[in-house]
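Taken in sequence, the protein lines are chains X and C.
Residue numbering for the first sequence follows UniProt numbering, beginning at 1 and increasing consecutively.
Residue numbering for the second sequence follows UniProt numbering, beginning at 1 and increasing consecutively.
Hints may contain errors.
Restricting the straight-line Cα-Cα distance to at most 25 Å, the calculated cross-link-like pairs of lysine to any residue (SDA-like) are [to be verified]:
id : chain 1 : residue 1 : chain 2 : residue 2
1  : C       : K137      : X       : R55
2  : X       : K122      : X       : K151
3  : X       : K49       : X       : I33
4  : C       : K137      : X       : K151
5  : C       : K166      : C       : P100
6  : C       : K166      : X       : A93
7  : C       : K137      : C       : L151
8  : C       : K166      : C       : L155
9  : C       : K170      : X       : P56
10 : C       : K170      : X       : T159
11 : C       : K170      : X       : I63
12 : C       : K137      : X       : A112
13 : C       : K137      : X       : A107
14 : C       : K166      : C       : P176
15 : X       : K151      : X       : T69
16 : C       : K170      : X       : H46
17 : C       : K137      : X       : R77
18 : C       : K170      : C       : I79
Cβ-to-Cβ under 8 Å is the rule here; a few derived chain X residues that face chain C [to be verified]:
id : residue
19 : I53
20 : L97
21 : Q99
22 : P100
23 : V101
24 : P102
25 : E109
26 : S115
27 : I120
28 : W142
29 : V153
30 : G157
31 : L161
32 : C163
Listed next, the stretches of chain X that the computed footprint assigns to chain C, with coverage defined by at least 3 CB atoms under 8 Å from CB atoms of chain C [said to hold, decoys possible]:
id : region
33 : 71 to 82
34 : 126 to 139
Because the hints were derived from the structure by calculation, they are not lab data.
For each residue, glycine too, the CB sits at the ideal point set by N, CA and C.
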Amino acid sequence: MLYLCRSLVIKSAFRISYIKRPEIYALIRHVNIQSSPYRPPPKESHDEKNMRIGRPQSPHLSIYASELTSVLSASHRITGTAVAGYFILFSFASLVLPQPVPCYIEALETIAIPSGPLAIAKFIIAFPFCYHFCNGIRHLLWDLGLFLTIKAVYATGYTMLLCAFSGATVLALL
Amino acid sequence: MALPLMLRSAQKAQGYSCILRCSPVAFKNTNYVSLPQLPNRTSSSLVQKTPILLQSKILTNPVMRCMSEGGDHRMKWTIERLISVGLIGLLPLTIATPNPILDNVTAVAVTLHIHWGIEAMAEDYLRPIVVGNAISKAALIAVYIVSTVTLGGLLYFNYTDIGIGKVIRKFWAVQPC
Chain X
1 MLYLCRSLVI KSAFRISYIK RPEIYALIRH VNIQSSPYRP PPKESHDEKN MRIGRPQSPH
61 LSIYASELTS VLSASHRITG TAVAGYFILF SFASLVLPQP VPCYIEALET IAIPSGPLAI
121 AKFIIAFPFC YHFCNGIRHL LWDLGLFLTI KAVYATGYTM LLCAFSGATV LALL
Chain C
1 MALPLMLRSA QKAQGYSCIL RCSPVAFKNT NYVSLPQLPN RTSSSLVQKT PILLQSKILT
61 NPVMRCMSEG GDHRMKWTIE RLISVGLIGL LPLTIATPNP ILDNVTAVAV TLHIHWGIEA
121 MAEDYLRPIV VGNAISKAAL IAVYIVSTVT LGGLLYFNYT DIGIGKVIRK FWAVQPC
C-alpha cells in the first residue's frame with residue numbers, strides 16, 4: 001500500500017517535471033547498444049599488418065647495451081656463417097676451378113710461410129669452427145632443458161669461450 | 001549527468017509495469033537495446049528531438065587477432081637438433097678416420113645444417129617489411145640454390161677426388177718454411 005502510494009507520487013512528480021521541460025532532453029544522451037556480427041580476423045602476419053598500417057620501427061640494436069648473452073648469440077651466428085662459408089667456398093671451388101683442390105693446397109706449400117704467421121692463420125681459420133662447435137653444444141644442452149638460469153647461462157658461456165679458445169689454440173699448433 | 005540518473009531512477013520507480021512492457025522477446029530479436037521507454041505518448045517524439053550528436057552507440061567488436069600461414073614446425077625442429085648432434089661426432093670422426101662413407105654422410109649432414117642456418121638468417125634479416133616482398137622471396141630461392149650447389153660440389157669432390165676428411169688433413173698439414 002505504501003509502495004503503491006509512493007510509486008504513484010513519484011510517477012506523477014517526475015512526469016510533470018520532465019515532460020513540461022522538453023529542453024532537458026537536449027542534455028540527455030540516448031544510448032543505443034549495438035553489436036556487430038562476427039568478422040574473422042584477416043590472415044596476415046605481424047609484419048604484414050605493420051607494413052599495411054605503415055608503422056615505424058623503434059630503435060633496438062642502436063640503443064641496447066651489449067651483454068654476454070646477446071654477444072655470444074650473435075657470435076654463434078657469425079661463426080656459423082664463417083664455417084658455412086668455408087664449406088660453400090670449397091664446394092664451389094671444387095666445381096669451378098680447373099685443377100682439383102688438392103693441387104692448390106700443394107701450391108700453398110711453395111709459398112714460404114713462416115711458422116709464426118702460419119700458426120696465427122691456422123688459429124684464425126680454426127677459431128670460428130671451435131667457437132661454433134662449443135656454443136652449438138651449449139645450445140643443444142639448452143634444448144634438453146639444462147643450464148637455463150641466468151647464472152648457468154653466464155657460467156656455461158665463459159666455459160664455452162675457454163673451450164673454444166683452447167681448442168683453436170690446440171688446432172693451430174697441430 | 002545527474003539528469004539521466006534521475007530519469008533512470010524514475011523509470012525504476014515506475015515499477016514492474018515498465019519492465020513488462022519491454023518483454024524478453026523484444027530484447028532478443030532487436031539489433032539494439034534501448035532504455036525502457038517512458039510510458040507516455042510524448043516520449044517517442046521527445047526522443048526523436050534529441051540531437052543526433054548526443055545519441056551514442058556502443059559497438060562491440062570481435063577481438064582482432066592476426067594470423068599468419070605456417071605449418072607444424074615440430075618435426076623439422078627435432079630433425080635439426082638430431083643433425084646437429086650427429087655433426088658433433090661426425091666431423092671429428094671423418095677427419096680422424098677418412099673413408100668414403102663418412103665423407104658422404106658428412107657432406108649431406110653439413111649441407112643440411114648449413115641450409116637451415118642460412119635459411120634462418122635469410123628469414124630473420126631479409127624480411128618483407130625491411131627489403132620488400134621481391135628480395136625476400138628471391139633470398140629464400142637463393143638459399144635453396146646455394147645449398148643445392150654446395151651439396152652437389154661436396155658430393156662431386158667426394159666422388160672424383162680424395163674426400164672431405166683427407167682434404168682437411170692435407171690442408172692442415174701445410175708445412176711452414
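Consistency of the hints with the structure:
no.: 1; hint: K137/C / R55/X; in the structure: holds, 22 Å
no.: 2; hint: K122/X / K151/X; in the structure: violated, 33 Å
no.: 3; hint: K49/X / I33/X; in the structure: violated, 30 Å
no.: 4; hint: K137/C / K151/X; in the structure: violated, 40 Å
no.: 5; hint: K166/C / P100/C; in the structure: holds, 10 Å
no.: 6; hint: K166/C / A93/X; in the structure: holds, 16 Å
no.: 7; hint: K137/C / L151/C; in the structure: holds, 22 Å
no.: 8; hint: K166/C / L155/C; in the structure: holds, 14 Å
no.: 9; hint: K170/C / P56/X; in the structure: violated, 53 Å
no.: 10; hint: K170/C / T159/X; in the structure: violated, 31 Å
no.: 11; hint: K170/C / I63/X; in the structure: violated, 46 Å
no.: 12; hint: K137/C / A112/X; in the structure: violated, 46 Å
no.: 13; hint: K137/C / A107/X; in the structure: violated, 41 Å
no.: 14; hint: K166/C / P176/C; in the structure: holds, 19 Å
no.: 15; hint: K151/X / T69/X; in the structure: holds, 11 Å
no.: 16; hint: K170/C / H46/X; in the structure: violated, 50 Å
no.: 17; hint: K137/C / R77/X; in the structure: holds, 22 Å
no.: 18; hint: K170/C / I79/C; in the structure: violated, 32 Å
no.: 19; hint: I53; in the structure: violated, 11 Å
no.: 20; hint: L97; in the structure: violated, 11 Å
no.: 21; hint: Q99; in the structure: violated, 11 Å
no.: 22; hint: P100; in the structure: holds, 5 Å
no.: 23; hint: V101; in the structure: holds, 6 Å
no.: 24; hint: P102; in the structure: holds, 6 Å
no.: 25; hint: E109; in the structure: holds, 6 Å
no.: 26; hint: S115; in the structure: holds, 4 Å
no.: 27; hint: I120; in the structure: violated, 11 Å
no.: 28; hint: W142; in the structure: violated, 11 Å
no.: 29; hint: V153; in the structure: violated, 19 Å
no.: 30; hint: G157; in the structure: violated, 18 Å
no.: 31; hint: L161; in the structure: violated, 18 Å
no.: 32; hint: C163; in the structure: violated, 13 Å
no.: 33; hint: 71 to 82; in the structure: holds (count 3)
no.: 34; hint: 126 to 139; in the structure: holds (count 4)
Against the hints set out earlier in the document, violations occur for numbers 2, 3, 4, 9, 10, 11, 12, 13, 16, 18, 19, 20, 21, 27, 28, 29, 30, 31, 32.
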